[in-house]
Amino acid sequence: MKTTLSSSLPVPAGAVTARPSRLRHWRAALLLAPLFVMLLLFCLAPMGWVVAHSIQGDEGLTLEHFREVLGSPFYLQAFDNSLRISLYSSVVGLLITLVGAASLRRVENRLKNLVVAFINMTSNLSGVPLAFAFIIIVGTNGALTLLFRQWGWLDDFHLYSRSGLILLYTYFQLPLGLLLLYPALDALDDHWQEAAALLGANHWAYWRHVGLPVLAPALLGTFILLLANAIGAYATAFALTSGNFNLVTVRIASLVSGNVYLEPNLAAALSVLLVALLALVAVVNQWLLKRSYHAR
Amino acid sequence: MRADRYHHLVVTLLILLLALPIVATLLYSLTQRWEASILPEGFTLAWYWQLWQDARFLTAFGHSLLVCVGTLLLSTVIIIPAAFVVFYRFPWLDRWMNIIILLPFAMPPVVASVGLLQVFAGGPLPLVGTPWILVGCYFTIALPFMYRALANSLLALNVRDLMDAAYLLGASTPRAFLSVILPNLRKGLMASLFLSFSFLLGEFVFANLLVGSRYETLQVYLYNMHNASGHFTSAVVMSYFLFTLVLTWFATRLGRQD
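Respectively, the protein sequence lines represent chains V and Z. Quick note, the first sequence lines up with residues 1 to 296 if you use the numbering used here. Quick note, the second sequence lines up with residues 1 to 258 if you use the numbering used here.
Be a bit skeptical, because a hint or two may be false.
[Said to hold, decoys possible] Across the chosen pairs, the derived CB separations fall in these ranges:
#1 Z:Leu178 x V:Leu179: 32 to 38 Å
#2 Z:Asp161 x V:Leu185: 37 to 43 Å
#3 V:Gln286 x Z:Gln53: 52 to 58 Å
#4 V:Ala117 x Z:Ser213: 33 to 39 Å
#5 V:Trp26 x Z:Leu178: 19 to 25 Å
#6 V:Thr62 x Z:Ser213: 33 to 39 Å
What the hints contain is simulated information worked out from the structure, not anything from laboratory work. Using N, Cα and C, we set each Cβ at its ideal position, and we do this for glycine too.
Take these sequences, add in the hints, and give me the full structure.
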């Protein structure tokens, strides 16, 4: 294959006389080797281990681990929690993002650039630091918690619960959503709104029949990325609850690094299910994209 | 006019929403107490003073810097020649590279850790618990950013013409690469390096699961401090945040210059 390749590419005259071109390409390919070795070691090998061991039993191949996961209320609850928190935070995040990005396009350029830079900056606040920041504000003894409780606003909000995690997840979805969606809004032609208005459409009718259908692929794409980002997230929830909240990622981590007992094969099965879930999300996204406005 | 005011209001609310945790953390780190009042009381720099004298913090920060700089050096040495070879000798490979470099993103870090913990537990490469495994993992994180940035620079360069010109002037391939191609990649490379640096500095999952306290990095240190005073941890968060801010500022400045 390399011979056909080298003959099809123009090789500088001086180079050909210096050395045979086949050898040169072989040497060139050698420069790619370290990159592939690193990927093999730190990406493909662990990937292969996870897949292989998810079906590895004491004696030969087995689906026992998957049966154990799917038959356990505890693990099913983890999936339920992960999905719910990811779904709610992605929907809320997307709504805020859409309204915010639509307005961001309408303000003067200087302010716009400043805000985009600021959003970039806030995207650095994630994981452990984000959890700590929220503990300070709305944790059990957080400044806002105490204040609101004094005013009688806050009854049963707990940061270390599902609603607390949704709040946190929504926050780290915002910068990502804004940075993804904001450029996509340029697909909207400003004249369409005027045209729609001339035809008698009010603000809502314009968004309902023109704006949202045109943006559907971008909105879907952003939503899927937010969802995948949230499902795979671990650091924030772990730092907030020290691993005491039942999420799939928290379960996986505790099965391979917990203090009590380790079950790497079970962790592998959970991992495969988690990645399958992410793949399913991607497939559904592709299917919906094909049915959206632009495809027709 | 009404619409204009609405848009400004929305953008303002958005900024306030995003700024709230950062401003609160900053205020918290600079004060002595904050209990049931709108604003905290007792301005002080004591927490920062205490933090920057804490040997454990300085060690963790040093560990983080070492791992990040080490990773980026290794990435630079590996990815630059690879990207150059792809564009100069195997242009058809670029399409595939764009898929290959995203492979690490198919697995959340927690999932990758499950495999990594076993693959590198013993055998020929017992890397678990050492900073070396982090260098390997961080390489896969930095790869897509660095490869794309270099590919964009190379795409704009017209590598073949430049190399041909260098050959005509009598340069060997390594010489032509070093003195013609490499200087032209500097801007894209630097911007992607600063960007990757800020990502890697914020990495927690690999650092905690694969190495933990055996080689404590900044994020792991921050997590291990979760029982310390909130004012103190706020000072840690703000120190880290300001540091990445400077890094991203450099990244955007370098990115904008071309």
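Is the gap between the beta carbons of V:Trp26 and Z:Leu178 within 19 to 25 Å? Given range 19 to 25 Å: holds, Cβ gap about 21 Å.
Has the hinted range 33 to 39 Å been met by the Cβ atoms of V:Thr62 and Z:Ser213? With a Cβ separation near 35 Å, V:Thr62 and Z:Ser213 satisfy 33 to 39 Å, so the hint holds.
Could one say that the CB atoms of Z:Leu178 and V:Leu179 fall in the range 32 to 38 Å? Holds, at about 36 Å.
Z:Asp161 and V:Leu185, beta-carbon distance inside 37 to 43 Å? Check passed, 38 Å falls within 37 to 43 Å.
Distance restraint evaluation - V:Ala117, Z:Ser213, Cβ atoms, bounds 33 to 39 Å: holds (36 Å)
Using the Cβ atoms, figure out if V:Gln286 sits within 52 to 58 Å of Z:Gln53. holds (54 Å)
No hint from the list above goes unmet by this structure.
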